[in-house]
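*Asks:* Same order as they appear, the protein sequences are chains A and B.
Residue numbering for the first sequence follows our numbering, starting at 1 and increasing by one per position.
Residue numbering for the second sequence follows our numbering, starting at 1001 and increasing by one per position.
Honestly, the hints are just simulated from the structure, not real lab data.
Some clues are possibly wrong.
Unchecked claim - Here are some chain B residues the structure puts well away from chain A; computed CB gaps all over 12 Å:
#1 Ser-1006
#2 Ala-1140
#3 Arg-1181
#4 Asp-1183
#5 Asp-1212
#6 Met-1271
#7 Asn-1298
#8 Ala-1321
To be verified - Mimicking BS3-like on lysine-lysine, the simulated pairs with C-alpha atoms at most 30 Å apart in a straight line are:
#9 Lys-1016(B) with Lys-1106(B)
#10 Lys-109(A) with Lys-1399(B)
#11 Lys-1400(B) with Lys-140(A)
#12 Lys-1016(B) with Lys-140(A)
#13 Lys-1099(B) with Lys-1143(B)
#14 Lys-1400(B) with Lys-109(A)
#15 Lys-83(A) with Lys-1400(B)
#16 Lys-1049(B) with Lys-1213(B)
#17 Lys-83(A) with Lys-1143(B)
Note that the coordinates shown come from a computational prediction; the quantities given were computed from them, not determined experimentally.
Note that beta-carbon positions come from the ideal geometry of N, C-alpha and C, so glycine has one too.
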Amino acid sequence: MSVRDVTRTLLGEEIEVTLVKNASLDIETEHFTAITGPSGSGKSSLLYLLGLLDRPTSGTINMLGTETTQLSENDLAQFRLEKLGFIFQFHFLLPEFTAMENVRLPMQKLGKLSVKEQTEKAVALLESVGLHDQIKKLPKQMSGGQCQRVAIARALANDPALVLADEPTGNLDTHSAATVQQILRDIAHTEGRAVVAVTHDEHFAAVADKRIHIVDGRIQGN
Amino acid sequence: MSIFFSIAVRHILSRKRQSFVSLLGIIIGVAFFLAISSLMQGSQNDFIKRLIDNSPHISVHDEYRNAKEQPVQKLYKDRVVELRSIQPLPETRGIRGYKQVVEDLKRRPGVRASATLTGQAILNYAGRDNSIVLNGMIPADMKDLTTVEENMIDGSVDDLISNRNGVIVGAELCRRLMLERGDNITLTASTGQVRTFKIVGIFRTGSLDYDDKQAFTDIKRVQAMMNKSNRANTIIIKMDDSSKAQKLADEVEAATGYKSVSWQEASEDIMSTLAIRNVIMYTVVSAVLLVAAFGIYNIIFTIIMEKQKDIAILKSMGFLAGDIQWIFIIQGCILGVAGVIFGLPLGCCLMLALEQITFEPPGVSEPIQMPIDWSAPQFFIAGAFAFFAAVLASYLPAKKGASVMPVQILRGGQ
Ligand SMILES: Nc1ncnc2c1ncn2[C@@H]1O[C@H](COP(=O)(O)OP(=O)(O)OP(=O)(O)O)[C@@H](O)[C@H]1O
Ligand SMILES: [Mg+2]
Chain A
1 MSVRDVTRTL LGEEIEVTLV KNASLDIETE HFTAITGPSG SGKSSLLYLL
51 GLLDRPTSGT INMLGTETTQ LSENDLAQFR LEKLGFIFQF HFLLPEFTAM
101 ENVRLPMQKL GKLSVKEQTE KAVALLESVG LHDQIKKLPK QMSGGQCQRV
151 AIARALANDP ALVLADEPTG NLDTHSAATV QQILRDIAHT EGRAVVAVTH
201 DEHFAAVADK RIHIVDGRIQ GN
Chain B
1001 MSIFFSIAVR HILSRKRQSF VSLLGIIIGV AFFLAISSLM QGSQNDFIKR
1051 LIDNSPHISV HDEYRNAKEQ PVQKLYKDRV VELRSIQPLP ETRGIRGYKQ
1101 VVEDLKRRPG VRASATLTGQ AILNYAGRDN SIVLNGMIPA DMKDLTTVEE
1151 NMIDGSVDDL ISNRNGVIVG AELCRRLMLE RGDNITLTAS TGQVRTFKIV
1201 GIFRTGSLDY DDKQAFTDIK RVQAMMNKSN RANTIIIKMD DSSKAQKLAD
1251 EVEAATGYKS VSWQEASEDI MSTLAIRNVI MYTVVSAVLL VAAFGIYNII
1301 FTIIMEKQKD IAILKSMGFL AGDIQWIFII QGCILGVAGV IFGLPLGCCL
1351 MLALEQITFE PPGVSEPIQM PIDWSAPQFF IAGAFAFFAA VLASYLPAKK
1401 GASVMPVQIL RGGQ
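Make the full structure from the sequences, and use the hints.
*Replies:* Structure below.
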């Protein structure tokens, strides 16, 4: 996946705000990439661009051989469904659905597996993040760390090529944070996906295969 | 089960109390819509039925709809002709050759016809002159084509057949003049002829004026009294299918030239009054449902406001804007369908309760029920309207929900 000379500006009231300025970078599979930088530097903005949730004002984003800047809103949604997985600082699980049902949602939307296969896969994913005994619980019956791990399982539901995480451990205690970090690294290294995570955690960033440091919307030279 | 449906259901269940209240609104709206509209429709049907049954379906009068064309006008067809002070020739009024017209009409299937001759007469009694309208008919036809027999409180039309000097008068006249069946009355016609009739029957319709002024007897008597032998001034027609009256009236008028008035034409003013009444009624009952629809709008709007994060994550996951909109429209459908399912039976209960109410219209001896129309269209209209209102009420907020931008919500965090 390659990003070339991407700029994103917002037309605020009177002044124009530049969130990301002339960013170019490559993301490789089996790599764990960390994005770091001070607060307000544009890390989340860059991640939303990578995740096709936002469109660049200028520049190109080529993903898995597809030029995405020209795609329609619905094509982008389909792309996200099939190829991308998101994890945010807050788990954003649907509160009325159990852990297993939350993980199943993206598979149901994609509709490629039978109901039985979906359930089996959801259970397997939950087991892989160490939640084999929490399958039937609602989000409010689980701890923050457990919810975040359900969110990771959900992000992996449709076997995405790229997993994007925005401060996935920002809201967790040290122990839970370590677990989540380990899972994310495993996703990249043993499952062969590309993982990009925004983080404030120096230790986490230190073990990354690649570090992108961003200040005032500009990527700093490596 | 569709994923949209399951999300929609759980959203509604997550706000049970509020959803229930807005559902209650729809249920009550449907019930009232159904009950009121079937009562109005029922009473209208009842009214029209009386209207049709109590009067001839077509009356052919001994007059022309338009003044006769003058020979000079025929000559100068494309010119303007001004004629002043035209006066018709004095002629004996009445439908010429009425027997032939009646015979021709009777030959049509499902059509009954008879001629009547109506004239004014004075009943002199105890020094007072009472004006009376004397309706002459063939007694056997009177039974078949009019409601005189049904309104009889004493005697029968059959007595007219056996007693050729018999007359049937109204109950109000009898009350005023203290007459009874079997009494003799003397009538004076405008021609000066005086005849004595024997009261063989008394009728009551409920309309005081009618019961005071109208009298029925054999057409031959009237023809003789009025010096109009072999004349009739009205032909009355009843049909098995009253809805075809207008067509037959047009045919008769074209064939005979006499003004033929169908019941539709005669009651045009009443029909337009009924139409206005329907408009008012549907406006009022729709307003009830409209208020209920606001309840649905409110609950779905609340859910959307509360579920901004869920919408954002679903969209980031790959749900389309249309999918999100669909989820909320399904919620409107669910509330609408539930409202109809519970509302129609409640409406039936209201209709049954309304049917228990009885009242006594003037002139009718036994109390009658409120007329309720139980026909399927009433149920269909109430159900369809409620469902449509519910879907529309969800459509507007659903559009708003679908337009949520995930980035804005996700950036905001919790
Ligand atoms: N809608 C907006 N209008 C104006 N400015 C905005 C808007 N959204 C973001 N910004 C600005 O853009 C900059 C980048 O925001 P962004 O969320 O990408 O920062 P970040 O690096 O993720 O910060 P943090 O570490 O606190 O999450 C910030 O300075 C922010 O104030
Ligand atoms: Mg951020």
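*Asks:* Indicate, hint by hint, whether the structure satisfies it.
*Replies:* Okay, the hints, checked on the actual structure:
no.	hint	verdict
1	Ser-1006	violated (8 Å)
2	Ala-1140	holds (79 Å)
3	Arg-1181	holds (82 Å)
4	Asp-1183	holds (87 Å)
5	Asp-1212	holds (76 Å)
6	Met-1271	holds (54 Å)
7	Asn-1298	holds (20 Å)
8	Ala-1321	violated (7 Å)
9	Lys-1016(B) with Lys-1106(B)	violated (69 Å)
10	Lys-109(A) with Lys-1399(B)	holds (20 Å)
11	Lys-1400(B) with Lys-140(A)	holds (28 Å)
12	Lys-1016(B) with Lys-140(A)	holds (18 Å)
13	Lys-1099(B) with Lys-1143(B)	holds (19 Å)
14	Lys-1400(B) with Lys-109(A)	holds (21 Å)
15	Lys-83(A) with Lys-1400(B)	holds (28 Å)
16	Lys-1049(B) with Lys-1213(B)	holds (25 Å)
17	Lys-83(A) with Lys-1143(B)	violated (88 Å)
Of the numbered hints stated above, those contradicted by the structure are hints 1, 8, 9 and 17, listed in ascending order.
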